[in-house]
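Asker: Starting from the structure of chain S, add chain W where the hints point.
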Amino acid sequence: MQTIKDALREIRRYPSAIAGLFIVFLLVLVSIYAVITIPYREAITLWRGGEGTWRNLPRTVPPAWINYFRSQKLPETIALDSRKGAAERQESPLGDGKTITLLYTFDYRADDFPREINIFFETAFQERSPFASITWYTPDGREIAIADLALRSGSSSFRFNQDDKLIRRIRRQIGDVPVEVGLFVAPNPPENPRPLKGTYQVKIQATAFDPETQIDAEVVVYGKVYGIAGTDHLRRDLRIALLWGAPVALSFGLLAAAGTTITTMIIAAIGVWFSGVVDNLIQRITEVVMMLPLLPILIMVGTFYSRSIWVILGVTILLSIFGSGIKTYRAVFMQVRESPYVEAAQAYGASDWRIIFRYLIPRIVPMLIPNLVTMIPSYVFLEASLAVLGLGDPQLPTWGKVIQDAVAHGAPYKALYYWVLEPAALLMATGLGFAMLGFSLDRIFNPRLREM
Amino acid sequence: MSEQALAIPRKRVRSVSFLQSTFARLLRYTLVRGVTIFITVVIGVYLTVMIANMGGYVDQIRKGEIRENIAIQVINDPAYRSLSADAKRQLIEERVRLEEKRLGLDQPFLIRSFRFLENALTLRLGFAQLMNSNSGSRQVRLILLERLPATLLLFGTENLFLFFLSLFIALMLSRQYGSLWDRLFVVLSPTSSAPGWFYGLFLILIFAGWLRILPFGDLVDAPPPQTPLLYALSVAKHMILPIMALTLSAIFLSVYSWRTFFLIYSSEDYVELAKAKGLSGRTIERRYILRPTLPTIVTNFLLTVIGLWTGAPIFETVFNWPGLGRTLYQAVGLFDVPVIVGSTVIFAYLLAITVFLLDIIYAILDPRVRVSA
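Residue numbers (the working numbering), protein chains in the order written: chain S, 454 to 905; chain W, 784 to 1156.
For the record, the hints were derived by calculation from the structure and aren't laboratory data.
Heads up, some of the hints might be wrong.
[To be verified] If you want the footprint, here are the derived chain W segments under chain S, 3+ residues with CB under 8 angstroms:
hint : segment
1    : 972-986
2    : 1085-1097
3    : 1109-1118
Here a beta-carbon is modelled for each residue, glycine too, at the ideal position from N, C-alpha and C.
Isolated chain S (complex conformation) (with noise of 0.2 angstroms):
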């Protein structure tokens, strides 16, 4: 216990411990923050809950706060939904039935253009389907007629960037440009045209066949950024999978590395104790699993059983335990077997068991710890690479799968450098961190390398 404490009134003198322990700090705070704000159940639904939980969300969109470091401002999303009272709602009787028109109107200032345009319809009514046409008024004062159709019953969307009559439409009244932006610039645009800023109006007017016909819309203008993270492929927020990444990695690398160094720890002093057989038994198992390829036995793993975070830590473990560490605490207990102190617990007739764990043991904790610490990072970075190879945990978001998610859907190659570097970061934050922590920690415990 003095040593510990010793330790730590030393740690003060090493600014990479200082830096390394703060890092670790800063980690375990966000994943208490993580687990607290988003519960596990709440972020495998945002995580993994399909199309609709995420519909509103721009695809693969850098974070919000690159607008900052520019000069020509990225647009954000605009979401104006009807039922939230976002539309103007007139609705007047004709014939049997009744017309329903809903009026949105949105300031547009960024200096690009957005990224799609969505309508969400959400209709209940008795036997015909409505029939909804859809306007578009720019700020200067131009009309666009955007669609027709007959709304289905329950939810249907509209998507302005799919829809074959538009988009010849735009090229015959704007000029040859995707369609958001052709209705966000005059027509005959020039080479790269600029969004005309100012208020633009959408109108969807429905006529229904019977009085009690519902329509809500949403309108949705996807922007070029998004929150603090931005998005993924799916218009998944990225800042939930970085969040729980946190826990996640922090609990697998502790896991894995307190169970390897102590079991470790724990054979090497058995061996050393009880030699002969034993000790030969432990020292050629070593020799065996240090040969064995210890990623692709995870890969097999991982493919022929499960890809479970659990199993595989399980699997790490027992495939590290005979690991090279066995013999560097083979080279110490050797040594502490010899010390007087053993040969006097012997002399009073302590049990084999007793000198090994209340003798052997503690004497070498002290080394133990920063090995510990130094491990953590490997582990880290094992859950990562299994991740990357698309062998990681199917339900839990990594920051491991992010980065697979990145390199398979091309990011590198399109320049969506913030998909790559965000979770990266974070790992090398996670890996510098504790890696500078257990170094300063084995200079403090094992003095006789300080000088070096």
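Answerer: Chain W in isolation, oriented as in the chain S frame:
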């Protein structure tokens, strides 16, 4: 004068016999190590087979597949269309039984596992289910052997490069202990906790994605250059980033620990004595510091190399390098069981060969092994 003239041949005779006995010891050591490592490999490969086929899980998949293929064949074959449903079922059962017998699936697992082991050890790795070699063969061995040179080229070059570069820098730093560079390497040593593929991602982003001066990955340009010289140059260009990534991930820790070894050995008494004798700095470094440190360094390097090998599947995937590792990754994607097992076996072999080679180097370097093996 004449005495000396006589003494020289006698000394030569003695040194020849000494060389012979050293050689014999080395040979014996090599043999013993070779046998030990071979036994280790056998156990390792058997474990691989056991994991791959634990509880016959893989067999179940294969049996299911055989049944489905045969059922489709029988149903689609116009010759059997006139048969009744019962007769068809019987025909399918019969054929499944024959096919399982042909593949040896009807024997108990223990016997089969030894058969697998024998096949794996002799590299009879069976036939891939979906993948082919470039020449169109379905033999797993051919697929893997075709990919092996690319892996050996990349990791062989990298290991040699890393070893000599680290050695050079470590020696240089140990000479100027406490200098700015020295402290820089000490401070940067924790960065080695990140694996090579991780640095690879960054390097790809910078040099291929942003600056566009180096290729994103792969072995050669497409289409490959026609003349051998241009081909080699193209391969070299594609190797720059992977080698940089692997080096970045390993060098700081290697240099840091090796320089520490050098420092430990240079505080030995015999180094002080050599200095007192007035030997030149180079001689002291070569004979009194480098020489006794090398065995320790080789052992340390062995662990680094094992780490590099282990990371190959993901590293080659990130760099799209057409080697063994990426084959394993592709096999995982296609669930091609024989290829997965085959690559794991080859990786076990590669690890064993690396350990064996470094063991021999160790034996040559460490006089204690030479004298009393």
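Asker: Give a verdict on every hint.
Answerer: Each hint, compared with the structure:
1. 972-986: Satisfied; 11 residues make the cut.
2. 1085-1097: holds (count 8)
3. 1109-1118: Coverage by chain S holds here, the residue count being 5 at a Cβ distance below 8 angstroms.
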